[in-house]
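So the sequences go chain by chain: A and B.
Under our numbering, the residue at position 46 of the first sequence is numbered 46, and the numbers go up by one with no gaps.
Under our numbering, the residue at position 122 of the second sequence is numbered 122, and the numbers go up by one with no gaps.
What the hints contain is simulated information worked out from the structure, not anything from laboratory work.
Misleading hints may appear alongside valid ones.
Unchecked claim - Capping the alpha-carbon separation at 16 Å, the derived lysine to aspartate or glutamate pairs in EDC-like fashion look like this:
1. Lys191/B to Glu81/A
2. Lys63/A to Glu12/A
3. Lys191/B to Glu535/A
4. Lys117/A to Asp142/A
5. Lys64/A to Asp103/A
6. Lys64/A to Glu273/A
Keep in mind the model is a prediction, meaning the values are calculated, not measured.
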Amino acid sequence: MTTALNPRLSFETCVVGAANRLAVTAGRAVAENPGTVYNPLFVYSVSGLGKTHLLMAIGQSAKKLFPNLNIEYLSLDEYVEAFHAAVAAGQGDAFRRRFQNVDVLLIDDVQFLTNRKEMQAELLRLIEALQSGGHQIVLTSDRPPAEIADLDERLISRFSGGLVVDIGVPDYETRVAILRRKSEERGANFQPGVLETVATAEFPNVRELMGALNRMVAYQAVNDTPLNAEGAKQLLGLERAVAPPAAARVAGSADEFGSFLDDVTATVGKAVEAWRARVAEAILRWEGEGYRTHRLEVLLERDTPPAVDAEIAAFARDVERLRTLENEVAALDPQAAGQSLFRDPERMTEAEAAASQVLVGSAPPHGPSAAFPLANYATGAANQVAVTAARAVLEQPGKRYNPLVFIGKSGSGKTHLLHGVGLELAKQPGAVVACLSTQTFIDELITSINGNRVEWWRARYRRATALLLDDIHLVAGKDRTQEELFNLFNLFLDQERQLLFTAPVHPSKLTGMEARLISRLGGGLVAEIMEPDREIRRAMLERLFVTHQLNRDSALLEYLADRPVDSVRGLQGLLQRVIGAAAAQDQSVSVGLARAVLEGHEREPNRKSGALRTSGLVVSSLGGIRSREKMVWDWPAPADRLIEELH
Amino acid sequence: MSLVNFTTREITCKIVYYGPGRSGKTTNLHYIYGRVPEARRGRMVSLATQTDRTLFFDFLPIDLGQISGFSTRFQLYTVPGQVYYNATRRLVLQGADGVVFVGDSQARQLDENVESLQNLQSNLLELGIDVRTLPLVMQYNKQDLPRELILEPAELDDALNFRAVPSLPADALHGRGVFETLKAISELVLKRLSAGTTA
């Protein structure tokens, strides 16, 4: 019943240009990740622009990548016919079951749903069933969903719910590329300039362009003399379309610019040597797909034609290899896949090395953030124990205090100390320091479970020489994470690799955690970081003054250091308020202003919260820091907020 | 200026509209500006006096998009026609890939045409440009004026076009011949690509 996929209609034989690039890219994405991206994918264009080719290509590619997938391609008419036959035979349910088991359903020409209410309802049911089962649907039509007459609103919304892309009429370059490729496929050779001349005519679709090529191939086959550009124009009746005589134009009434553009295109097409045009087109194509094309660009600077086809083919092979490598890497480590070396054929060796590193699970896990150097960590009596323990750990990683757990209130500097130690540990030769928030650790595990690559995830952490997790209490209630962490814990302890954690309270007071984990957390050293004392506050302020480029005003420094705050972040907040007020009042930052700001208003009541809070800092792998806590010094008036919400 | 830059894959054509004062050079550019889709054209820069005489020059950039893989741009300039702006004219002529000489078809303007043409040749000479190889097109503008006031294209050819370059009658105010002229000069300029010439 369904049509077999035509092996000639693949992505490899699809000529990509500006008009269809988006549709082809989306098609590739769908073929590589069926059911997960753009579901459904809805492609529309006028007839003859390659919808069926794209549909078949998606099917072929998906079949190649996932041989076990059940892929069905059929036109809407075939679908309707099959349904009617099944209903007539009393096999309606069997028909439905059959299609509900399809992994990738490719339906061509869905515009024929017009005036077929019963089929619309049937298709709606099928789409709902397939989508809920995570199966991929790709549909094509000659118009966008909303323009299909008499189509059920629910189907319009279903069709539009994934990605709707159109395919436009190919531009000149794409027309030339299509003609060249198809001539090659047919083994036909034309004189220089013939295909370019034919391409200057704006054929409304590719099918007509192919028709023109077929006529030329046939003409050459039965005539001894090869067809030249002029002959091709006469044969195809393109004389008027290609070069309309100027005299025939009425000034101002015709598309004069369009005609000028046609002329220039034809002239450039003839003037630019064919090999240069081919190289430039290849550059445009690969550039458009995000690849570095320097290797091809240097060819253009040569005076004599290089072995263009061989060079382009080699480049295409390298791009294909990079694409394969990137896909393999993306499946394991999406972050690593984004590297630019997977987009540069000149760095193939590096890309191969990076990919093989990722494939064996040796891509380094998240490292410590450079934003928290240990040297910048202000020390005082309040954190003396923690800092001393940290130094001991740095002297003998894994041997002295293992694990080391920093506890303290939010904003007391646990995260800074954790990353500071991580950075120092990372300086040691051969060190692989995993230093991240527990939330990221959990998220990564979930992603690896989803991608069925937990082994790879484990391998990444198993090769780390130190594991530093911020906010360890977040594993509460996450049984699988606790189990994985427990196994890592044992491995690290056995092999004397350093473990370091932060938590808001002593491990014994943490709830939702397995006893075996709690006992191990408490088995090393638990060092508390207290509220910052005056010494720490002063040292912090000195650094903050430098950061904010403030004059070292001793009176202001002493005044702020005397202010009672319960965390380092609170201290930063105080200074921020003063700086903000100074900017608002166009004054310099002074002790007088600080007094007015900090004492002139009633103090906000301390926030009380029974729940355990995180450090609030999320350290990005790129080195930046995001804070989950918002510090708002100018809270919007309730009236403003009300208006905002009413909007 | 390089006509074709293989490194950046750009083709850039600088075309200068030359001719005596009030012959219609700026009118040509205005007409083209009005016919080029907004997305394809840059801002037209005109530096004119209060009486609408071109003081320095007009500049109209046009982006033709990708042609044969090359990003193709045209830059159209006019020069001030008045005799005393010769330094500006020479400056604008620098790096020109082609010149359109816009002549005034009025019989009484023939001397001005001749003078301007001579001025073009002397400026090109000073710039070291070989006038025999530079793409040049003659446009005989204002052909819409009453017959008794103007010279026929053939007569103008006899008087001005001794190099037998392509010549076109025009009525730039209404658009006749404007794009034909642009096409003619573009073809001459672009044909040099195949000869591997860079200006």
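These are the hints, each one checked on the structure:
In summary, the hint linking Lys191/B to Glu81/A is not supported, as the alpha carbons are separated by about 58 Å, beyond the 16 Å threshold. Using a Cα cut-off of 16 Å, the hinted pair Lys63/A and Glu12/A holds, with the two alpha carbons roughly 14 Å apart. The suggested pairing of Lys191/B with Glu535/A is violated, with an alpha-carbon distance near 80 Å, which exceeds 16 Å. The hinted pair formed by Lys117/A and Asp142/A fails the criterion: a straight-line CA distance of about 19 Å is larger than 16 Å.
With a C-alpha separation of about 14 Å, the suggested pairing of Lys64/A with Asp103/A holds against the 16 Å cut-off. Distance check on the hinted pair: Lys64/A and Glu273/A sit about 38 Å apart at the alpha-carbon level, beyond 16 Å; violated.
Of the hints listed earlier, those the structure fails to meet are numbers 1, 3, 4 and 6, in rising order.
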